[in-house]
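J.: Taken in order, these protein sequences are the chains called C and A.
With the numbering used here, the residue at position 11 of the first sequence is 11, and numbering never jumps.
Numbering-wise, the numbering used here comes out as the position in the second sequence, counting from 1, plus 216.
Only true hints are included.
If the Cβ cut is set under 10 Å, some of the chain C residues that face chain A in the computed set are: (1) Leu32; (2) Ile48; (3) Asp75; (4) Asp83; (5) Glu87; (6) Glu101; (7) Val160; (8) Val178.
Since the hints were made in silico from the structure, they are not lab data.
All C-beta atoms in this analysis are idealised placements derived from N, C-alpha and C, irrespective of residue type, glycine included.
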Amino acid sequence: MTADPLDVPPDPADPFQPRSGQRGSGFLTGPLRLGTTPSATVGPYLAIGLTWPDGEWAAAEGTAGGFWIRGRVVDGAGDVVPDAMVETWQADPDGRFPSPEDPRGPSSYPGFRGYARAQTRTGEFAVFTLKPGRVPDGGGGLQAPHVDVSVFARGLLDRVVTRIYFADEAQANAEDAVLRALPEDRRGTLLATPAEDGYRFDIHLQGDRETVFFAV
Amino acid sequence: MTGTTSGGGLHLPGYLREPAEARTPLAFPGYRSTALRAPLRTPVDLPQRLTEVTGPVLGEDRVLPHDADLTLRRGGEALGQRILVHGRVLDSDGRPVPDALVEVWQANAAGRYRHVVDNWPAPLDPHFDGLGRVVTDSLGRYEFMTIKPGAYPWGNHHNAWRPAHIHFSLFGRAFTQRLVTQMYFPDDPLFGQDPIFNAIPAAARHRAISRFSLDRTQDNWALAFEWDIVLRGSEQTPFETDDDGDVA
Chain C
1 MTADPLDVPP
11 DPADPFQPRS
21 GQRGSGFLTG
31 PLRLGTTPSA
41 TVGPYLAIGL
51 TWPDGEWAAA
61 EGTAGGFWIR
71 GRVVDGAGDV
81 VPDAMVETWQ
91 ADPDGRFPSP
101 EDPRGPSSYP
111 GFRGYARAQT
121 RTGEFAVFTL
131 KPGRVPDGGG
141 GLQAPHVDVS
151 VFARGLLDRV
161 VTRIYFADEA
171 QANAEDAVLR
181 ALPEDRRGTL
191 LATPAEDGYR
201 FDIHLQGDRE
211 TVFFAV
Chain A
217 MTGTTSGGGL
227 HLPGYLREPA
237 EARTPLAFPG
247 YRSTALRAPL
257 RTPVDLPQRL
267 TEVTGPVLGE
277 DRVLPHDADL
287 TLRRGGEALG
297 QRILVHGRVL
307 DSDGRPVPDA
317 LVEVWQANAA
327 GRYRHVVDNW
337 PAPLDPHFDG
347 LGRVVTDSLG
357 RYEFMTIKPG
367 AYPWGNHHNA
377 WRPAHIHFSL
387 FGRAFTQRLV
397 TQMYFPDDPL
407 FGQDPIFNAI
417 PAAARHRAIS
427 RFSLDRTQDN
437 WALAFEWDIV
447 LRGSEQTPFE
457 TDDDGDVA
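Model the full assembly from the supplied sequences, consistent with the hints where possible.
T.: The structure is reproduced here in structure tokens:
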């Protein structure tokens, strides 16, 4: 078990050691905490462990109103990343989540899982889903329809997190606290644009068009 | 659990945001693949709202009984040292995370992955595919039987070898808790030269290493290694302390 405060790291230069001139109180100065497990890259062989036959279906095939979100993951040289995994999580069209953690109670929207994962082996990821409803923003307003996204890949030592918003929700987007807090010239990196069978959303890991990534 | 009151009087949990120096950085110069892939801009703080504090329910229906034993595939026994890997999934408050999907993947005993891009000259094992899935029980416990993975070369630098490791993917209850990581074995002589291991801040590296467990070692059958996984728990404000470190 790796419990603090007995979980004293072996490194003598570490920040847990008292600073000079400071004495310990002999009391815990905070609640007992466990140190979190550090992340690591998924590496190049993620397809072995993380492939699901139904991975890309956040909504079941044939669900009314369903569409595809397709896109590329692009590196700092402009090359397509062919060994990434993109995961999505979002509300149903009523703005509710199929999760016991939703304090309003879990939704049970027919055919809706809310979660999808897709790899980029073909050069693109693709997830099939429904347009999420608007969700309270905690400040008395509503967020614009959005999808939370995690990207995993060889060369990323942790996931990176972004959000998909929808370019055809201009009014809701203009009211969204998260979008409004971003510099105007970067908001566009979060907008999925209408395409033939849904939307397109490319993710730029670096470069002039680097996607806005979030710390959650 | 501490939290914020959302619109409509919703009380949401707040999840711990660990300081950057306690987390694995996205980029690490010694790990060459990070150079063109790790984002260069500072990430923007995202308030934890409903989308971030909820997460999918992915449980028993994704797991078959044989998924917890990687040593018996395609009608035969995998070659290598049989090991039982077990432990608990907890959050940083020490609370078990029950009914959580744990996905693992790994190289075979010779250090070869069953994957088209792994073509170094080590043998494949017809009875080992390197994929396991389990769900934690009501106390957050998990276990699976496998073989100890071999080390393998990976071309990052001259004579670069990955220490033996097993990849883990976990969900927890909420989007904020999602974790993909790697479990290592005690006292591996390859730690010192491995940039993926050394990218972890020094004070946290020991949390990525399993420990040998004689208690769970099975007589005449398999060695056991124990590894607890800690996901982010509640955000808590440390008590105020005065200059002497006493509780104010």
